[in-house]
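J.: Now for the letters of each chain:
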Amino acid sequence: MGEALPLENIDARIDAARQRDVARALRAFLPERCVLWREEETRPFECDGLTAYRRVPMVVALPETEEQVQRILKTCHAMEVPVVPRGAGTGLSGGALPPGDGVLLAMAKFMRVVRVDPLARVAVVQPGVRNAAISDVVAPFGLYYAPDPSSQIACSIGGNVAENSGGVHCLKYGLTVHNVLRVRGYTMAGEPVDFGAEALDAPGYDLLALMIGSEGLLAVATEITVKLLPKAQVARVVMASFDDVEKAGDAAAAIIAAGIIPAGLEMMDGAATHAVEQFVHAGYDLEAAAILLCESDGTAEEVEEEIARMERVLERAGATRMSVSRNEAERLKYWSGRKAAFPAVGRISPDYYCMDGTIPKKRLGEMLNFIASLEKKYGLRCPNVFHAGDGNLHPLILFDANDADQLHRTEEFAAEVLEKCIEVGGTITGEHGVGVEKINQMCTQFRPDELATFRAVKRVFDAKGLLNPGKAVPTLHRCAEYGRMHVRRSSPDRSALPHPELPRF
Amino acid sequence: MDAAARDFAERVRDAAGRKHALRLRGGGTKDFYGGPLAGEALDVRVCAGIVDYEPTELVITARCGTPLAELEAALAQHQQMLAFEPPHFGAGATLGGCIAAGLSGPRRASAGAVRDFVLGVRILDGRGRDLAFGGQVMKNVAGYDLSRLIAGSLGTLGLILEASLKVLPRPAAELTLKLEMPEERAIETLNRWAGQPLPISASAWHDGDLAVRLSGAASAVHAAAENLDGERVDEAQAARFWSALREQTDSFFDGDAPLWRLSVRSHAPRIELPGAQLIEWGGALRWLRTRADAATVRAAASRAGGHATLFRGGDRSAGVFAPLPPESARLHRELKAAFDPAGILNPARLYPDF
Numbered sequence: 001m002g003e004a005l006p007l008e009n010i011d012a013r014i015d016a017a018r019q020r021d022v023a024r025a026l027r028a029f030l031p032e033r034c035v036l037w038r039e040e041e042t043r044p045f046e047c048d049g050l051t052a053y054r055r056v057p058m059v060v061a062l063p064e065t066e067e068q069v070q071r072i073l074k075t076c077h078a079m080e081v082p083v084v085p086r087g088a089g090t091g092l093s094g095g096a097l098p099p100g101d102g103v104l105l106a107m108a109k110f111m112r113v114v115r116v117d118p119l120a121r122v123a124v125v126q127p128g129v130r131n132a133a134i135s136d137v138v139a140p141f142g143l144y145y146a147p148d149p150s151s152q153i154a155c156s157i158g159g160n161v162a163e164n165s166g167g168v169h170c171l172k173y174g175l176t177v178h179n180v181l182r183v184r185g186y187t188m189a190g191e192p193v194d195f196g197a198e199a200l201d202a203p204g205y206d207l208l209a210l211m212i213g214s215e216g217l218l219a220v221a222t223e224i225t226v227k228l229l230p231k232a233q234v235a236r237v238v239m240a241s242f243d244d245v246e247k248a249g250d251a252a253a254a255i256i257a258a259g260i261i262p263a264g265l266e267m268m269d270g271a272a273t274h275a276v277e278q279f280v281h282a283g284y285d286l287e288a289a290a291i292l293l294c295e296s297d298g299t300a301e302e303v304e305e306e307i308a309r310m311e312r313v314l315e316r317a318g319a320t321r322m323s324v325s326r327n328e329a330e331r332l333k334y335w336s337g338r339k340a341a342f343p344a345v346g347r348i349s350p351d352y353y354c355m356d357g358t359i360p361k362k363r364l365g366e367m368l369n370f371i372a373s374l375e376k377k378y379g380l381r382c383p384n385v386f387h388a389g390d391g392n393l394h395p396l397i398l399f400d401a402n403d404a405d406q407l408h409r410t411e412e413f414a415a416e417v418l419e420k421c422i423e424v425g426g427t428i429t430g431e432h433g434v435g436v437e438k439i440n441q442m443c444t445q446f447r448p449d450e451l452a453t454f455r456a457v458k459r460v461f462d463a464k465g466l467l468n469p470g471k472a473v474p475t476l477h478r479c480a481e482y483g484r485m486h487v488r489r490s491s492p493d494r495s496a497l498p499h500p501e502l503p504r505f
Numbered sequence: 001m002d003a004a005a006r007d008f009a010e011r012v013r014d015a016a017g018r019k020h021a022l023r024l025r026g027g028g029t030k031d032f033y034g035g036p037l038a039g040e041a042l043d044v045r046v047c048a049g050i051v052d053y054e055p056t057e058l059v060i061t062a063r064c065g066t067p068l069a070e071l072e073a074a075l076a077q078h079q080q081m082l083a084f085e086p087p088h089f090g091a092g093a094t095l096g097g098c099i100a101a102g103l104s105g106p107r108r109a110s111a112g113a114v115r116d117f118v119l120g121v122r123i124l125d126g127r128g129r130d131l132a133f134g135g136q137v138m139k140n141v142a143g144y145d146l147s148r149l150i151a152g153s154l155g156t157l158g159l160i161l162e163a164s165l166k167v168l169p170r171p172a173a174e175l176t177l178k179l180e181m182p183e184e185r186a187i188e189t190l191n192r193w194a195g196q197p198l199p200i201s202a203s204a205w206h207d208g209d210l211a212v213r214l215s216g217a218a219s220a221v222h223a224a225a226e227n228l229d230g231e232r233v234d235e236a237q238a239a240r241f242w243s244a245l246r247e248q249t250d251s252f253f254d255g256d257a258p259l260w261r262l263s264v265r266s267h268a269p270r271i272e273l274p275g276a277q278l279i280e281w282g283g284a285l286r287w288l289r290t291r292a293d294a295a296t297v298r299a300a301a302s303r304a305g306g307h308a309t310l311f312r313g314g315d316r317s318a319g320v321f322a323p324l325p326p327e328s329a330r331l332h333r334e335l336k337a338a339f340d341p342a343g344i345l346n347p348a349r350l351y352p353d354f
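As they're listed, the protein sequences go chains A and B. Residues 1 to 505 in this note's numbering are what the first sequence spells out, letter by letter. Residues 1 to 354 in this note's numbering are what the second sequence spells out, letter by letter.
Everything labelled a hint here was simulated from the structure, so no lab data went into it. Here the structure is a predicted model, which means the values were calculated and not measured. Among the clues, some could well be false.
[Stated by the list, open to error] Some chain A residues judged to face chain B by a derived CB distance under 7 angstroms, without partners named:
1) Tyr205
2) Asp206
3) Ser214
4) Ala232
5) Gly259
6) Glu301
7) Lys361
8) Gly391
9) Gly426
10) Glu450
11) Val457
12) His477
Note that CB positions come from ideal geometry on N, CA and C, so glycine has one too.
Chain A on its own, in the form it takes in the complex (with noise of 0.2 angstroms):
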């Protein structure tokens, strides 16, 4: 299946010579433990949490200090070495593939909690610091950091920032984005930059907006300054059963209408639910066509206003069944399926392929229809889970990859989905970044025009184009070349995810 990767030179022999001249530069100035560069070191890094693309790095880099990180820079710099920053690796799309001629600055020993500010309301912290263990450090002060991506237990705020990472709650909360205040680290050329500040602006342009989401091809982070907000006293959610997939939709639509804006709100279509219902057992309504999950926080008593303003809205909307979470232990009860549906998915089928899309919500029903009617066309199932709050999509086109005619269709259904993404006015990626996977979509979703400024911004932060090359953006030629998108599986001897045990969305 070599000839269905979407990479050139995925698997070109790493050049011994340039090999032993970028470890030797680099053991100039870093213990031996953070170089690494024999194959069975460096085979762990080969990939992120998109299997499909593999990698063995040239070399990887482990630096310990901001010092460190700069020369490794300035070296690779000098020595025109493509460099590859890493988070924790969990990433789900390829933005961390490694460079077969360079090397990954893997961000690992950056763990520490450098400051609390809990009057100010502020952490700062090392990139490798896990999201989660944000939210724990500063529990005892009342206060956590908002962005939950699904993946929080294991991801890094590195790897957030890089991604502009969500979560279920970013409808009320925000995004990665709108919860980080300054952003410290380095251009490829080893220039000390810091963007933000910790007041609420800083002069000039907006770097800061800039740097979240550019997915590592602008500069490498070092010190991340999050804002911190007060825990909510009460949390409650209520789960509501519908008959029809585009009631439910239109019942997401009826409670953001009713000036609403619940602390979390997803659907998860009848195929989605039965998956995760063998899976995790919460007690989900199993005649449901749809579910809708939508959960309410802040004081008690306004919680007990909100959820009953809820109920009213989506008895009105044709709820068939609904039930109110009456404690914590039930209210993540509810959550545990819609959290597990990736690895529940996962056990009902060899393989799958999630996609990432955001739509207008009012396109949803039209969009559900498209994709009932690819699965007809491929002779493909595609449960759905959705971000209804917000338009994100994701749906699992469930294959077999040891099928070559299965994997050529899952290809096509795939392309077809993110596509109509764009066609209903969306986009192909709304929360898992464009990658290496999504890098010929970009072609579709943007003129030539737009794709040259995204190139002359590059090259304002990285003149010689080495940090993270071949991600994100694609060149003017990969768009002539590209005919279609081209999706690879992972080997059927390994899960789908390298951390299957992880919730995902």
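Start from chain A and add chain B according to the hints.
T.: Just chain B, lined up with the frame of chain A:
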């Protein structure tokens, strides 16, 4: 729209060819803000109107010349709002100017700034190329986030043709409290309150008086009001108060003493400079009426973890925004050159050298 866009593009291309500066202008309500005005005015108001507004999507898309008042009235019809409460500074304020200026009002500390609500823009760059970044959906990570970069860039990177903004429902209930409190205690109290789950949506301290606005579900607002124990302000009076603050029509802003805007760490101690002070955003924004020289004001802002802008009046010859460190200055100059190689769009409006 497309006729207007084509006409604008032609003017931009022509100006670029002749290297003649263009001054992008909507209602001109923010002409006072930023560096000196230079170049031939290009009035964008012919390009106006709401393109798309679907209340259940929480997104509005409108053209640059759309009056901000018209936009806010359309949202109010559906009990929605621009949550960053942009100041108009005059009847003619437009959407394009609002985004280009990047200024946010009293709700900023709790709801976010202009850039937090920008979902997408369509711009003409300095070559007259019609470019769209971002989109009309809330979650979108395809490509660099250039639409947020445009917010606050004062028209130096492109002419905003159209923008999509996230909107929010108006709070079900709102109530303002007044408390008497010395400055240091007010700063500490506001920070402490912000760390508790209280529905505070705005705050202002001046001359020993602290005003706090609560917004949200009626039950939450009333429970918080009981807790905070201030004097309740009459609804109409409260609305006038917050509007006067947002629009700077309050008497604090009268007179001709230079007005400095200090964006600082929220719990930074009192800024020790001569002149009157007004505090917003839970302590993170300090307005100063001072004749102290720029270097002194900027040093004080730096010590408070932030930066100072000469907002109105004063000696503007040395630039009004805080100088940038060398690498950041390089990034700014080169980004400007990437978007506008001929340097014709609002030159020197942000920094004197570009």
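J.: If you check each hint against the structure, which ones fail?
T.: 12
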